[in-house]
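Chemist: So the chains spell out like this:
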Amino acid sequence: MYQYTDTDQTLVDERVAQFRRQTEQFLKGELSEDHYRALRLRNGVYIQTHAPLLRIAGPYGLLNSKQVRKLAHIARNYDKNYCHFTTRQNIQFNWPKLELIPDILAELASVQMHSIQTSGNCMRNTTSDHLAGVCVDEVEDPRPYCEIIRQWTTLHPEFDYLPRKFKIAVSGALHDRAATQFHDIGLHLVKNAEGEVGFKVIVGGGLGRTPIIGQVIKPFLEKKHLLSYLEAVLRIYNLYGRRDNKYKARIKILVKESSLAKFSALVEKEWLQLKDNNELSADRIVAMCAQFSAPAYDDHASEDQSFVQLQVENKAFSTWVKHNTAEHKIAGYRAAFVSLKAPDSPPGDMTDKQLDAVADLADAYSFGEIRATHRQNLILADIKQADLYPLWQKLTELKLATPNIGTATDMICCPGLDFCSLANAGSIGIAKEINEALDDMDYIHDIGDLKINMSGCMNGCAHQSVGHIGILGVDKKGTEWYQLTLGGSSENNAAIGERLGPAVAKDQVTKAIITILDVYIKQRLEEESFLDMVNRVGITPFKEQVYATH
Amino acid sequence: MQLIKDQQIIDNTWQYIADNEQPKTGDISVSFARWQRDKQELLAHDGRLGVRISSLDNVDELADDLDKLQLIELDFPDFADGRSFSQAWLLRGRYHYQGEIRAIGHYIPDQVFYLARVGVNAFSPKTSRELSSIINKLQDFTVNYQSSIN
Chain A
-14 MYQYTDTDQT LVDERVAQFR RQTEQFLKGE LSEDHYRALR LRNGVYIQTH APLLRIAGPY
46 GLLNSKQVRK LAHIARNYDK NYCHFTTRQN IQFNWPKLEL IPDILAELAS VQMHSIQTSG
106 NCMRNTTSDH LAGVCVDEVE DPRPYCEIIR QWTTLHPEFD YLPRKFKIAV SGALHDRAAT
166 QFHDIGLHLV KNAEGEVGFK VIVGGGLGRT PIIGQVIKPF LEKKHLLSYL EAVLRIYNLY
226 GRRDNKYKAR IKILVKESSL AKFSALVEKE WLQLKDNNEL SADRIVAMCA QFSAPAYDDH
286 ASEDQSFVQL QVENKAFSTW VKHNTAEHKI AGYRAAFVSL KAPDSPPGDM TDKQLDAVAD
346 LADAYSFGEI RATHRQNLIL ADIKQADLYP LWQKLTELKL ATPNIGTATD MICCPGLDFC
406 SLANAGSIGI AKEINEALDD MDYIHDIGDL KINMSGCMNG CAHQSVGHIG ILGVDKKGTE
466 WYQLTLGGSS ENNAAIGERL GPAVAKDQVT KAIITILDVY IKQRLEEESF LDMVNRVGIT
526 PFKEQVYATH
Chain B
5 MQLIKDQQII DNTWQYIADN EQPKTGDISV SFARWQRDKQ ELLAHDGRLG VRISSLDNVD
65 ELADDLDKLQ LIELDFPDFA DGRSFSQAWL LRGRYHYQGE IRAIGHYIPD QVFYLARVGV
125 NAFSPKTSRE LSSIINKLQD FTVNYQSSIN
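Those protein sequences? They're chains A and B, same order as listed.
Letter 121 of the first sequence, counting from 1, is numbered 106 in our numbering, and no numbers are missing.
Start counting at 1 in the second sequence, then tack on 4, and there's your number in our numbering.
No lab work stands behind these hints, which were simulated from the structure alone.
Computed from a predicted model, the values in this text were never measured in an experiment.
C-beta atoms are modelled at their ideal positions from N, C-alpha and C, and glycine is treated no differently.
Treat the hints with caution; some may be incorrect.
[To be verified] Calculated lysine-lysine pairs in the DSBU-like style (CA-CA distance at most 30 Å, straight line):
id	chain 1	residue 1	chain 2	residue 2
1	A	Lys208	A	Lys241
2	A	Lys150	B	Lys130
3	A	Lys231	A	Lys176
4	A	Lys254	A	Lys241
5	A	Lys65	A	Lys82
6	A	Lys231	B	Lys130
7	A	Lys51	A	Lys65
8	B	Lys43	A	Lys254
9	A	Lys13	B	Lys130
10	A	Lys82	A	Lys417
11	A	Lys528	A	Lys65
12	A	Lys462	A	Lys417
13	B	Lys9	A	Lys13
14	A	Lys185	A	Lys233
15	A	Lys209	A	Lys254
16	A	Lys462	A	Lys528
17	A	Lys528	A	Lys507
18	B	Lys72	A	Lys254
[To be verified] Just so you have them, the derived chain B footprint on chain A, three or more residues with Cβ under 8 Å:
id	stretch
19	218 to 224
20	356 to 363
If we strip away everything but chain A, and leave its shape as in the complex, we get:
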């Protein structure tokens, strides 16, 4: 895991001092609301329904145990004993006091964390594959490039006042777990015909109000040109992106309105003038890769016999292993998910006690590292198979072992109307209701791989348009209604969900979901996943049943 140098630490400390001065100026009335708003947003501070919201960066989702303990400390001392993990692998606090936020940021800086550029019209936290470095289908570990990009994007003097926010994701595996086709820039590490590894560059994807699948602008970019190419794209976007209408200001609209060919020509012309003076040196890449070198794995891990035996003896354990762990590239190891989707707690939330306990588990079993996933769970990535049983027992005690990863109750959910000032409708309540209706784990496992994403408004923080089932809260004359979509996907087979029909009333959402799942159970082919079936039969059979009952 990357460790801060003196430069990194100085930069973060100076940022805290800067924001402290700005906040003091604002509180004294020396800085206008409008100006302070732009500055606080660039430090992750929103003003929400009840209180300010502080969003902290989880760089490409990677955290260590010390940092997680610090989050627990902040939850206890500055908030209401919990925090929330977001779809950008970030961490949010819902109840901090504005005047204390500089103190919180100073606490974070002491463990090499910050909230820089986690909101505002600037380059945001770079996200990545939650199984980076451990998965079996990896071309190359994306994290060193994520860190190079993190540094380049942080306090970039030219690109901090963009037309709109700008998100970059990097994937190094064959299976895209980072939704690279739905980012302003998606980077995919690929091998060319000569066997060299470089980047496939995808541009102009995005979710939100106008979901668009990104297009390949550069099939193969040599690694040394990574930053010059990003600079070229950002400069063209900064100069030509629309600023007249915030709903048309994302790069996806620029690419769409000008056509990929024209946009690409502008970028290419810009890049050709930059590329030779801005090369990423091989030394820098090697040094950065060294920061992410493999931990000291036990060569004898696979010799353990207990793992197989305990699965035979204990059905609950074997169910958890099946659903909540993933294959690891090292024999005798697995990656274990920490499910933040227990039936009775809001998706993605964690208490201070759970945070502390997971930090201890990471120290005991997973080299002290914890990762956040973009589906709002955590992963302990390097668990020896012999340790999975005690880990499972402890996670069960903590209510963090619900065996539902990748299933119907592993919903992505935004904070919704309960917390967010933008929301039109509640989402946490609906998630709870669906959870209560789907209380039979065998039924959930029978349904299998299913991604339900639910957002409380058009901004689509919970990526409803790429959910296999998407639920979007809308406001109809002061009441909450929900628009359903089917067939979305953020993975390799990227697709935007199709609208099922008219929005349904709040008290009908759970019923509609159950109806959809029943149609699937009755009409699926053997081994056919929900998404495959939707792709085969379309939405009609679902639509007929959902609206027949209304």
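Since chain A is already given, all that's left is putting chain B on it; use the hints.
Modeler: Below, chain B alone, put in the same frame as chain A:
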């Protein structure tokens, strides 16, 4: 009115001439449209020349004239309009402009550190009270991650 140039507070010697005004003796700046229209007449006037560009102007079109200009004013219509940052970078980084680049209009003092990094070396404050604030904020950071102009 005083302003900041190269980290010092100095007196402003420049005057902006509106598009319907006659050029005056001394240091004057004009709009980009005026410059394109009356280039020869302006070059004949007694004094130094500057051009005021808006965030909509394309600085590439100014590239061939840069050796005739001692001042380029970047006029911020709104502090959130970040095009001026790229304009400054292009003037310095691509066209190697050596004269003064001055931020004017609706930028905010909290942006001057970034503006200085992309090559802006002079700042016209909205009020004289902003002078010390701008000087201080030019020192917000002692480190950075990217190469830029400064």
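Chemist: Do the alpha carbons of Lys209(A) and Lys254(A) lie within 30 Å of each other, as the hint requires?
Modeler: It holds: about 18 Å lies between the C-alpha atoms, which stays within 30 Å.
Chemist: Would the pair Lys9(B) and Lys13(A) pass a check requiring their Cα atoms to be no farther apart than 30 Å?
Modeler: holds (29 Å)
Chemist: Tell me if the straight-line CA distance from Lys528(A) to Lys507(A) falls inside 30 Å.
Modeler: holds (15 Å)
Chemist: Going straight from one Cα to the other, do Lys72(B) and Lys254(A) come out at no more than 30 Å?
Modeler: holds (27 Å)
Chemist: Need the status of pair Lys254(A), Lys241(A): alpha-carbon distance at most 30 Å?
Modeler: Answer holds: Lys254(A) to Lys241(A) is near 19 Å, not above 30 Å.
Chemist: Take the C-alpha atoms of Lys231(A) and Lys130(B), compute the straight-line distance between them, and say whether it is at most 30 Å.
Modeler: Holds - the C-alpha atoms of Lys130(B) and Lys231(A) are around 27 Å apart, at most 30 Å.
Chemist: Holds or violated: Lys13(A) with Lys130(B), Cα cutoff 30 Å?
Modeler: holds (20 Å)
Chemist: Is Lys150(A) within 30 Å of Lys130(B), Cα to Cα?
Modeler: Holds, because 28 Å separates the two Cα atoms, which is no more than 30 Å.
Chemist: Would you check the hint for Lys82(A) and Lys417(A), treating anything up to 30 Å between C-alpha atoms as holding?
Modeler: The given pair, whose Cα atoms are some 28 Å apart, holds under the 30 Å limit.
Chemist: Need the status of pair Lys462(A), Lys417(A): alpha-carbon distance at most 30 Å?
Modeler: holds (25 Å)
Chemist: Straight-line Cα separation of Lys528(A) and Lys65(A) no greater than 30 Å?
Modeler: Distance of about 42 Å is beyond 30 Å: violated.
Chemist: Given the proposed pairing of Lys231(A) with Lys176(A), does the C-alpha separation stay at or below 30 Å?
Modeler: The hint is violated at about 38 Å.
Of the numbered hints listed earlier, those contradicted by the structure are 3, 11 and 20.
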